[in-house]
Amino acid sequence: MAYMADSLLDLKIRKSFGGFSLQCEARFGDGITAIFGPSGSGKSTLLNSIAGLVRPDDGHIAFDGDVLYSSGEGVYEPPEKRRFGYVFQDSALFPHMSVSDNIHYGYKLTARANRRIEPSQLVELLQLERLMDRGVGNLSGGERQRVALARALATSPRLLLLDEPLASLDSGLRGVILEYLKRIRRELGTPMVYVSHSISEVMALADNALALRDGQAVAYGRATETLVMPEVSTFAQFDTLENLLGAKVAQRHDDDIAELEIGDARVIAAGVRRDEGDTLTVSIRAGDIIVSRQIPPQTSARNAIRATVSQIHMVDSRVLLYADIGVSDVVSVVVEITPNSLRALELREGTEIYLIIKANSVLPLEGGA
Amino acid sequence: MELLGILGLTVQIAVVGTAINLPLALGVSWLIVKRRIPGRLVFDALVSLPLAVPPVVVGYALLLLLGNRGPIGGLLQDALGVELVFTWFAAALAAAIVSFPLMARAVMVAMGGVDEHLEMAARSLGAGAVRVFFTITVPLAYRGILAGVLLGFVRAISEFGATIIVAGNIPGKTQTLPLAIYSEVLLGDDTMAIRLIAVSVGLAVVTLLAHNWLLDRAAKNRL
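Chains as they are written, first to last, in the numbering used here: chain A, 1 to 369; chain B, 1 to 223.
No wet-lab data here; the hints were simulated from the structure. Note that CB positions come from ideal geometry on N, CA and C, so glycine has one too. Hints may be right or wrong, so weigh each one.
[As the list claims (entries may be wrong)] Footprint (simulated), chain B over chain A, 3 or more residues, beta carbon under 8 Å:
# : stretch
1 : 74-80
2 : 103-109
3 : 151-160
4 : 167-175
[Unchecked claim] DSSO-like mimics (lysine-lysine), calculated; alpha carbons at most 30 Å apart, straight line:
#  : chain 1 : residue 1 : chain 2 : residue 2
5  : A       : K108      : A       : K182
6  : B       : K34       : A       : K108
7  : A       : K81       : B       : K220
8  : A       : K12       : A       : K248
9  : A       : K248      : A       : K182
10 : A       : K12       : B       : K34
Make a model of the complete structure from these sequences and hints.
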């Protein structure tokens, strides 16, 4: 683990229970750090240790120079003193309170001096106006997660911890919540630790990633690089790898065909219901993208997008390419090809290519809520 | 009227006994179910103990503790000049101890039904353990807690063995419904005995119905 970000969160902990043991040393920087690994790898235990909801057997945890836990010094800050927000997979909204009361629960407990984020700001950011007076019982899955985000952020947390916040949502809603998470990063700048078993989510969202396996940290670094490391490839499930990209509807054509702006590249997509000017997340599977050295003269695919190869990784028997699309607002897209194609096309870092994508391989994720 | 007086005293003793038990049951349940204190299995067994020993034994133990020469009774006598044995309050204490296991057990079940994630979420939002207990755990478990209170109450109104030892059977002072029934049966006044039994059964049935209704609502709420 050569690469280390600036240490905002510095931890070295050990925790054993029921035949399982987590042993982990890591330093997390600003931005979004993913804890990535298969189920049972200890992701949630690590997150809960950071939150203070699980007490490690020994070690230390410090945040921004502030010791939260140290077995040597006998320090253990309880969760309510850490000022970390926590978003559960199942939202964990208080069922006996309205949406508004849920959001104000932690806000009221936050010292005035520490309040940087106001509930009104969150209501706008997460578009909760219509929901405020409702009970939480009849909210949809996406609405529940938006309320859970607002509730956690209303405490102006120093760090936001998220435990698989998209895992219980259908794919359309995943895209919607992903957009909100990006918006939070952009507008509030709250650093996040994001637990996920989905390589696509980690790629779409995280700056850095810590890969866990059987309770051990096996890789750490920039997300794009960590996910293709050989230690990670055994459980990364590249078959399901999709690009989850933020897009804006630039122009609607007849029926449901629309021209989207991704970064400043134009992409034609089918099945888009949003209006011009709206933003959404689209999914493009890494395996659905064809790489060509020239613009193909005649093809049924609607998209031939100019791109530059930025990274090439051999992972087992596959090749993962990172290709940058766009000119001034560059977006990185991951493409899966075979080693044969890599040789035949003589691709190198910096090679100019075209990404051939069918319009209906660009899946709009526009959940109802 | 004699009957009303007996009923009033019975309810008074049961209400006071239950009121003494409620904070204790909440505290003990919290320690066992939520804090998971070490030795909770032993603690849990102690909670159930009054259910397992004959009430007469509970009464005798109380008599030894509260009597003039007992450690608690002696102290109260010297410091305040108060004598507890053979008072309605001794009857309330007896009822409290005997009904405690039923109430505590029901409260434990109710608290165990509150999703731990909600309590963890509240902690992460800045609420200390005590605040979490009163703003999350208790409001979400209140139907089950009330059901436990009623179960304890219904046991308290039917208390006999411990009461007669530590509080005696003094008409107008410590004579509750079960003790009055006992007296009437001994005296051979069948009419009065049956009347008292009817009142006793009626009170129990109403309380149990309320208990069941609350539990039903609590179960529905969890779905």
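Hint check results:
1. For the stretch 74-80 of chain A, the assignment as covered by chain B holds, since 3 residues bring a beta-carbon within under 8 Å of that chain's beta-carbons and 3 suffice.
2. With a threshold of 8 Å between beta carbons, the proposed coverage of the stretch 103-109 of chain A by chain B holds, since 3 of its residues qualify and at least three are required.
3. Counting residues of the stretch 151-160 of chain A whose CB lies closer than 8 Å to any CB of chain B gives 3, so the stated coverage by that chain holds, three being the minimum.
4. Closer than 8 Å: that is the beta-carbon criterion, and the stretch 167-175 of chain A has 0 residues meeting it against chain B, so the requirement of 3 is violated.
5. At most 30 Å may separate the alpha-carbon atoms for a hinted pair to count; A:K108 and A:K182 meet this at roughly 26 Å.
6. A C-alpha spacing of about 25 Å is found between B:K34 and A:K108, which places the hinted pair at or below 30 Å, so the restraint holds.
7. For the hint linking A:K81 to B:K220, the alpha-carbon distance of about 35 Å lies beyond 30 Å, and the restraint is violated.
8. For a cut-off of 30 Å, the pair hint linking A:K12 to A:K248 is broken: about 42 Å separates their Cα positions.
9. For the proposed pair A:K248 and A:K182, the alpha carbon gap of about 14 Å is at most 30 Å, so the pair holds.
10. Taking the CA atoms of A:K12 and B:K34, the gap is near 28 Å; set against the 30 Å cutoff, the hint holds.
Hint violations for this structure: numbers 4, 7 and 8, all remaining hints satisfied.
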